[in-house]
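Single-letter residue listing:
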Amino acid sequence: MQNQKNTLANEQEIERFDVIFRIQHVIMFTTFLLLAFTGWGLKYAEIDVSSWWIRIWGGPKTAGIIHRIAGVTMICDFVFHIVYVGYQLLTGKMKIRKETTILPLPKDVKDVIHNFMYFIGIAKTKPKFGRFSYAQKFDYWAVFWGMFVIGLSGLCLAFPIQASYFIPEWTTGWIWQLLAIMHSDEALLAVVFILFWHFYNEHLKPEVFPMSWVWLTGKISLKELKHKHPLEYELLMKEKGE
Amino acid sequence: MKKLLALTCLLVLLIPIWAEGENKASCIVCHNSMAGTIELNGKVIELNVDAKRYEASVHGAFPCTECHERFSENPHVKPSGEVLEEVKVVSEKVAIKAKADPVAVAACYKCHPQVYDLVLNSVHGKNITEKGSADGALCLDCHGSPHYITTAKDESSPVNQWHVVETCGNCHENKELAKKYGIEAKVMESYRESFHGKKHILGHKRAPTCVSCHGYHAIKSKDDPVSPVFGTNKIKTCGGCHKGANKKFVAAITHQDAGPIPHYAEKGLIILTIFTIAFTVLHVILEAYADIRDTFFRRRKEEEHAESEEYTC
Numbered sequence: 001m002q003n004q005k006n007t008l009a010n011e012q013e014i015e016r017f018d019v020i021f022r023i024q025h026v027i028m029f030t031t032f033l034l035l036a037f038t039g040w041g042l043k044y045a046e047i048d049v050s051s052w053w054i055r056i057w058g059g060p061k062t063a064g065i066i067h068r069i070a071g072v073t074m075i076c077d078f079v080f081h082i083v084y085v086g087y088q089l090l091t092g093k094m095k096i097r098k099e100t101t102i103l104p105l106p107k108d109v110k111d112v113i114h115n116f117m118y119f120i121g122i123a124k125t126k127p128k129f130g131r132f133s134y135a136q137k138f139d140y141w142a143v144f145w146g147m148f149v150i151g152l153s154g155l156c157l158a159f160p161i162q163a164s165y166f167i168p169e170w171t172t173g174w175i176w177q178l179l180a181i182m183h184s185d186e187a188l189l190a191v192v193f194i195l196f197w198h199f200y201n202e203h204l205k206p207e208v209f210p211m212s213w214v215w216l217t218g219k220i221s222l223k224e225l226k227h228k229h230p231l232e233y234e235l236l237m238k239e240k241g242e
Numbered sequence: 243m244k245k246l247l248a249l250t251c252l253l254v255l256l257i258p259i260w261a262e263g264e265n266k267a268s269c270i271v272c273h274n275s276m277a278g279t280i281e282l283n284g285k286v287i288e289l290n291v292d293a294k295r296y297e298a299s300v301h302g303a304f305p306c307t308e309c310h311e312r313f314s315e316n317p318h319v320k321p322s323g324e325v326l327e328e329v330k331v332v333s334e335k336v337a338i339k340a341k342a343d344p345v346a347v348a349a350c351y352k353c354h355p356q357v358y359d360l361v362l363n364s365v366h367g368k369n370i371t372e373k374g375s376a377d378g379a380l381c382l383d384c385h386g387s388p389h390y391i392t393t394a395k396d397e398s399s400p401v402n403q404w405h406v407v408e409t410c411g412n413c414h415e416n417k418e419l420a421k422k423y424g425i426e427a428k429v430m431e432s433y434r435e436s437f438h439g440k441k442h443i444l445g446h447k448r449a450p451t452c453v454s455c456h457g458y459h460a461i462k463s464k465d466d467p468v469s470p471v472f473g474t475n476k477i478k479t480c481g482g483c484h485k486g487a488n489k490k491f492v493a494a495i496t497h498q499d500a501g502p503i504p505h506y507a508e509k510g511l512i513i514l515t516i517f518t519i520a521f522t523v524l525h526v527i528l529e530a531y532a533d534i535r536d537t538f539f540r541r542r543k544e545e546e547h548a549e550s551e552e553y554t555c
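Heads up: the sequence lines are chains A and B, in that order. Sequential numbering of the first sequence, starting at 1, is according to this note's numbering. Sequential numbering of the second sequence, starting at 243, is according to this note's numbering.
Honestly, the hints are just simulated from the structure, not real lab data. Just so you know, not all the hints are guaranteed correct.
Straight-line alpha carbon distances no greater than 25 Å define the calculated PhoX-like cross-link-like pairs of lysine-lysine that follow [as the list claims (entries may be wrong)]:
| hint | chain 1 | residue 1 | chain 2 | residue 2 |
| --- | --- | --- | --- | --- |
| 1 | B | Lys368 | B | Lys417 |
| 2 | A | Lys219 | A | Lys137 |
| 3 | A | Lys61 | B | Lys368 |
| 4 | B | Lys509 | A | Lys43 |
| 5 | A | Lys93 | A | Lys110 |
| 6 | A | Lys219 | A | Lys110 |
| 7 | A | Lys43 | B | Lys464 |
| 8 | B | Lys352 | B | Lys422 |
| 9 | A | Lys219 | A | Lys98 |
| 10 | A | Lys110 | A | Lys98 |
| 11 | A | Lys43 | B | Lys368 |
| 12 | B | Lys447 | A | Lys61 |
| 13 | B | Lys368 | B | Lys422 |
| 14 | B | Lys462 | A | Lys61 |
| 15 | A | Lys124 | A | Lys137 |
| 16 | B | Lys485 | B | Lys447 |
| 17 | A | Lys126 | A | Lys226 |
| 18 | B | Lys285 | B | Lys421 |
| 19 | B | Lys352 | B | Lys462 |
| 20 | A | Lys61 | B | Lys421 |
| 21 | A | Lys219 | A | Lys126 |
Here are a few chain B residues that sit away from chain A, every Cβ distance over 12 Å (derived from the structure) [what the hints assert, rightly or not]:
| hint | residue |
| --- | --- |
| 22 | Asn316 |
| 23 | Gly323 |
| 24 | His354 |
| 25 | Pro355 |
| 26 | Glu426 |
| 27 | Lys441 |
| 28 | Cys455 |
| 29 | Gln498 |
| 30 | Ile503 |
| 31 | Ile512 |
No residue lacks a Cβ here, since even glycine has one placed at the ideal position from N, Cα and C.
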């Protein structure tokens, strides 16, 4: 009896991401893919296959328009996210607690070391994660870095005349070159990072293969929560108990 | 049978006589089937003229002697024909470069005097006429063989939109010439790596090529105040495509090295990329290993037996 009750409780689902966060994520990955696909052809224009690839996207002119629209959409999505999180924090719907925050904490560094020790078999148990593991925090903050480096440089490159009003005169000898390098090199980093990190953690990992459905349903079962985010689970149980 | 063969041979041999009415035929009948090269006044000359390609070219209706003025249709007569005065003047100016037949090289002047004057006054032409060098480009260096010139819109033309960059590169990417004339060492490379160049390579019809900014027949050195890429002239030149171009904007496109800041920024970003990738790849590989290990050897057992859920650390 006790056992059955336990199972029921385990199957119960709680909401991890509300629908607005889910939409933000869908816009983020759609624009990311569009940007990566159209940008790749331009970055490696000298390779023969790029001309063919860009033709699939409607030719260099159309591909450029797709890239700009996707880029501006992504930046809007990002800005909206900041505003939305800010709003939730101000109204008290979201609270910063060490078990649930996405802010990096010293514990995350400890978790990385602990997890590596677990991988190679020195530690017998996995580190206990909160609502966001260090891997997820890394994924999240990578977007901020990307938006700062790629988004900002991309805006300047897409609207160079407008950008030139803000650019100080003494930087003009190198700033344009720098912007192009920032945009292109960081885009490579972003694509490779997503390919390895995000794809392994959210798609290929045996326990989530073919993918974690939380992006679509926004829900996570208590069983999964207990397994993947024990600190958050404990906090939830404690609050329920009170 | 033998008689028929002899008759055919005779008829074939008679073709030049029969065709003499069209005066180019007498030259081309031999040159069409000739092969190889000869050296004349230190210049290597291709003997073959492909009659079909010649006729398809924009000048295909002209007799050979239209340009090869000193020659006559009779191959046994030494080239000594009358030369138009204006062509003679030009031929003397370009003689240092056009060693084999300066008259033929100057003959373009007959129909294209304005364009030819622009070329002679350009940085390319002046190098020949004023500095007495054989290096400057004249008509044929860009438009290709005189016998097969087609319009710039034709895909086969070396000055066609899709070939002109390569044509300029023939000289401007030449290390010896670059050194001799102080040409920007990475001039072609920087174009190909620029957004303009990349779009052009991908087939963007409005992407600029060399001539879009630097001009063509009247082309000037970038240090010449009348060059479209000299100093503030760039604002007008770039403004042709980029409405509202200003001084800070036009600094974006240059063939010069942008200095140490972008260079070291790139190095920094490469190091960051390598470290991030190294970390993620290492993490993913080790985690995959641990996941597989757990799936087969540990996790099952743990989950079956450890009901208490207390994760022990």
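Cross-check of the supplied hints:
Taking the CA atoms of B:Lys368 and B:Lys417, the gap is near 21 Å; set against the 25 Å cutoff, the hint holds. Only pairs whose Cα atoms come within 25 Å are accepted, and A:Lys219 paired with A:Lys137 is accepted, the gap being roughly 19 Å. Between A:Lys61 and B:Lys368 the alpha-carbon distance is near 39 Å, which puts this suggested pair outside the 25 Å criterion. Distance hint between B:Lys509 and A:Lys43 is fulfilled; the C-alpha atoms sit about 17 Å from each other, no more than 25 Å.
A hinted pair counts as satisfied when its Cα atoms are at most 25 Å apart, and A:Lys93 with A:Lys110 does not qualify at roughly 29 Å. Annotation: proposed proximity of A:Lys219 to A:Lys110 is violated, straight-line Cα distance about 28 Å (limit 25 Å). The suggested pairing of A:Lys43 with B:Lys464 is violated, with an alpha-carbon distance near 29 Å, which exceeds 25 Å. A threshold of 25 Å between alpha carbons decides the hint, and for B:Lys352 with B:Lys422 the separation of about 33 Å lies outside it, so the pair is violated.
For a cut-off of 25 Å, the pair hint linking A:Lys219 to A:Lys98 stands: about 21 Å separates their Cα positions. Taking the CA atoms of A:Lys110 and A:Lys98, the gap is about 14 Å. The hint holds against a cut of 25 Å. A distance of roughly 39 Å separates the Cα atoms of A:Lys43 and B:Lys368; the hinted pair therefore is violated under the 25 Å criterion. Straight-line distance between C-alpha atoms of B:Lys447 and A:Lys61 comes to about 9 Å, which keeps the hinted pair within the 25 Å bound.
With a C-alpha separation of about 16 Å, the suggested pairing of B:Lys368 with B:Lys422 holds against the 25 Å cut-off. With a CA separation close to 31 Å, the supplied pair B:Lys462 and A:Lys61 exceeds the 25 Å bound. In summary, the hint linking A:Lys124 to A:Lys137 is supported, as the alpha carbons are separated by about 24 Å, within the 25 Å threshold. For the given pair, B:Lys485 sits about 18 Å from B:Lys447 by alpha-carbon distance, which is consistent with the 25 Å threshold.
Distance check on the hinted pair: A:Lys126 and A:Lys226 sit about 13 Å apart at the alpha-carbon level, within 25 Å; holds. Between B:Lys285 and B:Lys421 the alpha-carbon distance is near 24 Å, which keeps this suggested pair within the 25 Å criterion. Distance restraint check for B:Lys352 and B:Lys462: the Cα-Cα separation of roughly 24 Å lies within the 25 Å cut-off, and the hinted pair is therefore satisfied. Note on A:Lys61 and B:Lys421: the hinted pairing is violated, with a Cα-Cα distance of about 37 Å set against a maximum of 25 Å.
Pair hint A:Lys219 plus A:Lys126 holds up; C-alpha atoms about 23 Å apart against a cutoff of 25 Å. The beta carbon of B:Asn316 is kept farther than 12 Å from every beta carbon of chain A, the shortest such distance being approximately 52 Å. Consistency note on B:Gly323: stated as away from chain A, and its beta-carbon is indeed over 12 Å from all of that chain's, at 50 Å minimum. Even its closest Cβ contact with chain A, about 34 Å, leaves B:His354 beyond 12 Å, as expected for a residue assigned away from the interface.
Separation of B:Pro355 from chain A is adequate, the least Cβ-Cβ distance of about 39 Å exceeding the 12 Å criterion. Every CB of chain A lies more than 12 Å from the CB of B:Glu426, the least distance being 14 Å, so the non-interface label holds. The Cβ of B:Lys441 sits about 5 Å from the closest Cβ of chain A, inside the 12 Å cut-off, so the non-interface label is violated. At roughly 16 Å, the least C-beta separation between B:Cys455 and chain A is larger than 12 Å, which holds for a residue marked as non-interface.
Against chain A, the non-interface label of B:Gln498 is violated: not every CB pair exceeds 12 Å, the least being about 9 Å. Its closest Cβ contact with chain A, about 5 Å, brings B:Ile503 to no more than 12 Å, contrary to its assignment away from the interface. Listed as a non-interface residue, B:Ile512 fails to keep its Cβ farther than 12 Å from every Cβ of chain A; the least gap is roughly 7 Å.
Going down the numbered hints, you'll see the structure goes against 3, 5, 6, 7, 8, 11, 14, 20, 27, 29, 30, 31, while the others check out.
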